[in-house]
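Undergrad: Mind the numbering: the sequence shown is residues 1 to 250 in this note's numbering, read in order.
Keep in mind the hints are simulated off the structure, nothing from the lab. Hints are not guaranteed to be accurate.
Now the in silico label distances, taken between C-beta atoms and shown as ranges [stated by the list, open to error]:
| # | residue 1 | residue 2 | range |
| --- | --- | --- | --- |
| 1 | SER111 | ARG207 | 38 to 44 Å |
| 2 | GLN220 | ALA250 | 16 to 22 Å |
| 3 | MET210 | THR109 | 42 to 48 Å |
| 4 | ALA174 | GLN88 | 28 to 34 Å |
| 5 | THR216 | ARG32 | 34 to 40 Å |
| 6 | THR172 | THR216 | 34 to 40 Å |
Here a beta-carbon is modelled for each residue, glycine too, at the ideal position from N, C-alpha and C.
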Amino acid sequence: MSTDTQTEYITALIALHSGRDRKGPGDSDFSRHILSHLSTLPLKPLIADLGCGSGAGALLLAQHYQSTVMAVDSSSIFIDELAARAKQLGLEHLIIPIQGDMAQLDWSTGSVDLLWSEGAVYHIGFEQGLKLWRPLLANGGIAVISEMSWFIDNAPDPAIAYWQNAHPTMGTEAENIARANRSGFSVLSTHRLPSQAWWVNYYEPLRERMQQIEITPITQSVIRETEEEMRLFEKFSDSYGYTFYVLQAA
Numbered sequence: 001m002s003t004d005t006q007t008e009y010i011t012a013l014i015a016l017h018s019g020r021d022r023k024g025p026g027d028s029d030f031s032r033h034i035l036s037h038l039s040t041l042p043l044k045p046l047i048a049d050l051g052c053g054s055g056a057g058a059l060l061l062a063q064h065y066q067s068t069v070m071a072v073d074s075s076s077i078f079i080d081e082l083a084a085r086a087k088q089l090g091l092e093h094l095i096i097p098i099q100g101d102m103a104q105l106d107w108s109t110g111s112v113d114l115l116w117s118e119g120a121v122y123h124i125g126f127e128q129g130l131k132l133w134r135p136l137l138a139n140g141g142i143a144v145i146s147e148m149s150w151f152i153d154n155a156p157d158p159a160i161a162y163w164q165n166a167h168p169t170m171g172t173e174a175e176n177i178a179r180a181n182r183s184g185f186s187v188l189s190t191h192r193l194p195s196q197a198w199w200v201n202y203y204e205p206l207r208e209r210m211q212q213i214e215i216t217p218i219t220q221s222v223i224r225e226t227e228e229e230m231r232l233f234e235k236f237s238d239s240y241g242y243t244f245y246v247l248q249a250a
């Protein structure tokens with residue numbers, strides 16, 4: 001794919017997800033369950049949400065802790081959506097929207113108590129992202145990071161073929177735990193996002209959006225690939241999905 005075509009593809013992908021509450025699979029109740037078990041954080045932790053999209057996670061974190069959230073995403077469209085949603089919810093005083101590269105943050109060492117990232121670290125690579133972000137965490141700080149993971153060792157061939165192309169470094173949960181340990185973290189717990197959350201909160205709203213978006217050759221390509229992803233997940237969701245890794249800076 002040429003650079004120009006890749007840029008057009010990313011633009012079409014952003015357009016497809018524009019206006020959706022979630023830019024990837026997730027669930028607020030599931031996230032709150034994880035947060036309810038993070039007992040070692042300060043009362044008012046400084047929080048970072050990296051690859052925040054339009055802020056589903058960032059807004060939940062701000063509401064839960066009533067504390068400042070630095071929310072980073074490379075898309076100005078998603079950052080604008082986040083700012084508007086924060087204002088609508090009366091949370092603009094707690095949300096710091098930042099358009100930028102989550103792989104090139106110039107924040108002070110040890111400045112973050114809770115680092116949150118849903119479905120975004122694959123842009124960097126799970127282990128590489130953890131190594132980049134580890135210095136940002138305060139002593140004993142917590143990172144909650146979701147990553148596509150194999151749930152079984154012998155996944156079906158169609159699933160392997162698809163994800164070897166879409167996410168070549170995708171590992172099993174055991175492999176990702178080892179990667180986290182190598183990156184300076186201890187793994188406190190892991191939580192698999194239920195498959196229902198993919199459909200109710202992500203795929204079904206995305207299907208609605210597909211009926212509304214202007215169709216061009218590049219958006220047709222994006223839609224075809226998204227539909228292929230949906231068909232695959234419908235068949236093989238017991239083999240893979242998002243695992244949330246709850247990590248502590250070691």
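Undergrad: A separate judgement is required for each hint: does it hold in the structure or not?
TA: Against the structure, the hints come out as follows:
1. At roughly 40 Å, the beta carbons of SER111 and ARG207 sit within the given window of 38 to 44 Å.
2. Checked against the hint of 16 to 22 Å, the C-beta distance between GLN220 and ALA250 comes to roughly 47 Å, which is inconsistent with it.
3. Range check, MET210 to THR109: about 44 Å between beta-carbon atoms, so the 42 to 48 Å window is met.
4. Distance hint check: the CB atoms of ALA174 and GLN88 are about 42 Å apart, inconsistent with the given range 28 to 34 Å.
5. Taking 34 to 40 Å as the suggested C-beta distance range, the pair THR216 and ARG32 conforms, at roughly 39 Å.
6. Here the CB-CB span from THR172 to THR216 is close to 38 Å, well matched to the stated 34 to 40 Å.
Consistency note: the structure conflicts with the earlier hints numbered 2, 4.
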